[in-house]
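Asker: Letter by letter, the chains look like this.
There are 2 protein chains.
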Amino acid sequence: MSYKNFPMVPRVVFGRGSFNQLGEILAPKRLNINAPFIFLVDDVFKSDSWLTSRIPLAYNDQIIFVSAAEEPKTEQVDELVESIILKFNERPSGIIGIGGGTLLDLAKAVSIMLTNKGKAQDYQGWDLVKNKAIYHVGIPTISGTGAEVSRTTVLTGPDKKLGINSDFTPFDQVVLDSELTQSVPKNQWFYTGMDCYIHCIESLEGTYLNTFSQSYGDMALSLCEEIFLDDDLSVTESQEKLMMASWHGGMSIVYSQVGVAHAMSYGLSYLLGIKHGIGNCIVFDQLEEFYPEGVKVFKEMKAKHNIVLPQGICSKLNDQELDTMIDISLGLVPLWENALGKNWKRTITRKKLKALYLRM
Amino acid sequence: MSYKNFPMVPRVVFGRGSFNQLGEILAPKRLNINAPFIFLVDDVFKSDSWLTSRIPLAYNDQIIFVSAAEEPKTEQVDELVESIILKFNERPSGIIGIGGGTLLDLAKAVSIMLTNKGKAQDYQGWDLVKNKAIYHVGIPTISGTGAEVSRTTVLTGPDKKLGINSDFTPFDQVVLDSELTQSVPKNQWFYTGMDCYIHCIESLEGTYLNTFSQSYGDMALSLCEEIFLDDDLSVTESQEKLMMASWHGGMSIVYSQVGVAHAMSYGLSYLLGIKHGIGNCIVFDQLEEFYPEGVKVFKEMKAKHNIVLPQGICSKLNDQELDTMIDISLGLVPLWENALGKNWKRTITRKKLKALYLRM
Chain H
1 MSYKNFPMVP RVVFGRGSFN QLGEILAPKR LNINAPFIFL VDDVFKSDSW
51 LTSRIPLAYN DQIIFVSAAE EPKTEQVDEL VESIILKFNE RPSGIIGIGG
101 GTLLDLAKAV SIMLTNKGKA QDYQGWDLVK NKAIYHVGIP TISGTGAEVS
151 RTTVLTGPDK KLGINSDFTP FDQVVLDSEL TQSVPKNQWF YTGMDCYIHC
201 IESLEGTYLN TFSQSYGDMA LSLCEEIFLD DDLSVTESQE KLMMASWHGG
251 MSIVYSQVGV AHAMSYGLSY LLGIKHGIGN CIVFDQLEEF YPEGVKVFKE
301 MKAKHNIVLP QGICSKLNDQ ELDTMIDISL GLVPLWENAL GKNWKRTITR
351 KKLKALYLRM
Chain X
1 MSYKNFPMVP RVVFGRGSFN QLGEILAPKR LNINAPFIFL VDDVFKSDSW
51 LTSRIPLAYN DQIIFVSAAE EPKTEQVDEL VESIILKFNE RPSGIIGIGG
101 GTLLDLAKAV SIMLTNKGKA QDYQGWDLVK NKAIYHVGIP TISGTGAEVS
151 RTTVLTGPDK KLGINSDFTP FDQVVLDSEL TQSVPKNQWF YTGMDCYIHC
201 IESLEGTYLN TFSQSYGDMA LSLCEEIFLD DDLSVTESQE KLMMASWHGG
251 MSIVYSQVGV AHAMSYGLSY LLGIKHGIGN CIVFDQLEEF YPEGVKVFKE
301 MKAKHNIVLP QGICSKLNDQ ELDTMIDISL GLVPLWENAL GKNWKRTITR
351 KKLKALYLRM
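Heads up: the sequence lines are chains H and X, in that order. First residue of the first sequence? That's 1 in the numbering used here, and the numbers climb one at a time after it. First residue of the second sequence? That's 1 in the numbering used here, and the numbers climb one at a time after it.
If you're looking for bench data, these hints aren't it; they were derived computationally from the structure. Here the structure is a predicted model, which means the values were calculated and not measured. Check the hints yourself; a few may be wrong.
Identical chains blur together in the list; that is why a pair holds if it fits in one copy or across any two.
[As the list claims (entries may be wrong)] Derived DSS-like pairs: lysine-lysine, alpha-carbon spacing no greater than 25 Å straight-line:
(1) LYS4 <-> LYS29
(2) LYS87 <-> LYS4
(3) LYS73 <-> LYS4
(4) LYS130 <-> LYS29
(5) LYS302 <-> LYS160
(6) LYS302 <-> LYS4
(7) LYS29 <-> LYS132
(8) LYS132 <-> LYS73
(9) LYS160 <-> LYS345
(10) LYS352 <-> LYS296
(11) LYS352 <-> LYS299
(12) LYS46 <-> LYS304
(13) LYS87 <-> LYS117
Take these sequences, add in the hints, and give me the full structure.
Answerer: As structure tokens, this is what we get:
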């Protein structure tokens, strides 16, 4: 038996307003005046001077605003990398992702692809990255995905949605400033928070679970229940706790894996472009069979926050489209194996998946 | 307000038997065949081939057995460093500490002092270390101190007991193999486990607490209660959970601090050489006034495991000796400030401390 030697984020700042420290954090990492810091920023902040005016720009540092309306794509990573290479004579000093899971994953992937040849799609999988990435910093502005601590960057490629899982993927630095999450729209807050909740359920109910992952999962789960079911937290407390839940939820996956919801949601996302958070919710809502208690509590949370999920999103799909989704989903072997054990194929057939998708 | 940019252990393996992976973990870190790995190993393992035969030795790597009968001293660090410098032509490739808090702290301190001039005592304090330490690995064989994740190495020097707190102090790699804790004697298991429990209480009840530290503290505390009060854990589960409790308890101190028990226990340790774990227990047992609920539960744990603490250890001390302990204790300003707020001196007088010490 060999255990994973997990790479943890080596530096973390936590605190309300800690975003103001970004300048002093980055300064010692500047390689030279021709090696810029590139800030990949969610374009919802484009005219938000409260945030953008505090991005510490010097020399030829650059902000690139990126829409998070769609899930991040390998092609998008390749384009960003090409534009950075063409524009600057030197490799950047660092890539800083400011946003939700999409921006964080893009920042990770761009920092990897600046030092590794070929296309991002070549590295989708496990431990295919050869060279250390460029210094990269993650600054979440919405909590739940766990992208700030994970060793993956999940990308949709030409033929699959799959992460670049590697020891070089995790951020070198994370800034956890819950104040940055204050303007998240309610639905998105819920969907992304539920990404964390669903991580926890899938990790804690999975066959891969060990004591390390369990302790993080228990913590994140109890924070989620406090945030989404209790009424006694202040707004600030709730934002700070969700930031920590996301962190611990991400850590819970270290020795574990996600499960059925993620495996099926990747299919929705690949075919229909449905965003990860809401996709997970749509799938998880139908998974009583696999996670009875988790789904029950999920439905309570949904009701408490008056969240209405889209219905019938798969009802008009033809067989070929359903097959594509099923193929994507079945390809995620470790997720199924974690969820249902080595003999998962006895439970999960194409027919079964089709029936589940048609309920969504 | 400026928040600490905390250095986390960048690599961690967790798993029963993961000690077997040490060879493959170290191999890529070997600088050259003349730069040895030095293993500082608790001398209780001296004739324990179950452990020592699995220490991967090559070239001129060396095992140095060190007694943990006494708390680690600055002088001891200086001697170890000198002996390593004299014996080898090149700086070591790495220092690996295998043992409890004493061995882990020695490994951290030796790795720092191999790259920093002067004596270890010069660096007791906060952020006095100038140069990056040598690659160092921590492998706990007893759980509770949190030394495996902390950014300090607590040493007794000629005039104080105080940590070398720095960004270079944390381990580069930690191996968490709960099997290594299987032979810990019961009393020591309890005292060291209580170090973790007391960390949590002091952190959670402290004025420095924030949401980051709280979430780790809550997790560690609930693990401690499960381990020391419930009866439904297997031996292996209990060992694994205590290993995680120690880890999370250490993380809880990141943005927090320890408090009254540690501040007073440092005095006992400095003057009487009382080991940290038992010293904390002796002090904490008398701290109802400061931590009523925490002390109540501590007494339940003590009773459940039939632990009898030494009594009257201070009763024969003269005033000068008591003054020395009080001086050491009062010098730990951040601990008092965390415990009781900025105006802690209103509560904590020399007279008050003397009365408390005399009860121990």
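Asker: Classify it for me, LYS302 with LYS160: is the Cα-Cα distance of at most 25 Å met within a copy, between copies, both or neither?
Answerer: neither (30 Å within a copy, 56 Å between copies)
Asker: How would you label the pair LYS46, LYS304 (within, between, both, or neither) given a Cα cut-off of 25 Å?
Answerer: Cα proximity of LYS46 and LYS304: none, with 32 Å in one copy and 60 Å across.
Asker: Can you give me the call for LYS4 and LYS29, within, between, both or neither, at a CA distance of at most 25 Å?
Answerer: Between copies only: 17 Å across chains, 29 Å inside a chain, cut-off 25 Å.
Asker: Classify it for me, LYS73 with LYS4: is the Cα-Cα distance of at most 25 Å met within a copy, between copies, both or neither?
Answerer: neither (27 Å within a copy, 35 Å between copies)
Asker: Using 25 Å as the alpha-carbon threshold, which applies to LYS132 and LYS73: within, between, both, or neither?
Answerer: So LYS132 and LYS73 pass the 25 Å test inside one copy only (21 Å; across, 39 Å).
Asker: At most 25 Å between alpha carbons: which applies to LYS352 and LYS296, within, between, both or neither?
Answerer: Close inside one copy (21 Å), not across copies (54 Å); limit 25 Å.
Asker: Taking 25 Å as the upper bound on the Cα-Cα distance, should LYS130 and LYS29 be classified as within, between, both, or neither?
Answerer: So LYS130 and LYS29 pass the 25 Å test inside a copy (22 Å) and across (17 Å) alike.
Asker: Treating 25 Å as the Cα threshold, decide for LYS160 and LYS345: within, between, both or neither.
Answerer: Within. Shortest intra-copy distance 20 Å satisfies the 25 Å Cα cut-off; inter-copy 63 Å does not.
Asker: How would you label the pair LYS29, LYS132 (within, between, both, or neither) given a Cα cut-off of 25 Å?
Answerer: both (15 Å within a copy, 16 Å between copies)
Asker: Given identical chains, is LYS302 near LYS4, meaning Cα to Cα at most 25 Å, within a copy, between copies, both, or neither?
Answerer: neither (36 Å within a copy, 36 Å between copies)
Asker: With 25 Å as the alpha-carbon cut-off, assign the pair LYS87 and LYS117 to within, between, both or neither.
Answerer: within (18 Å within a copy, 44 Å between copies)
Asker: My question is about LYS87 and LYS4: at a cut-off of 25 Å on alpha-carbon distance, are they close within one copy, between copies, both, or neither?
Answerer: neither (38 Å within a copy, 35 Å between copies)
Checked against the numbered hints above, the structure breaks hints 2, 3, 5, 6 and 12 and satisfies the rest.
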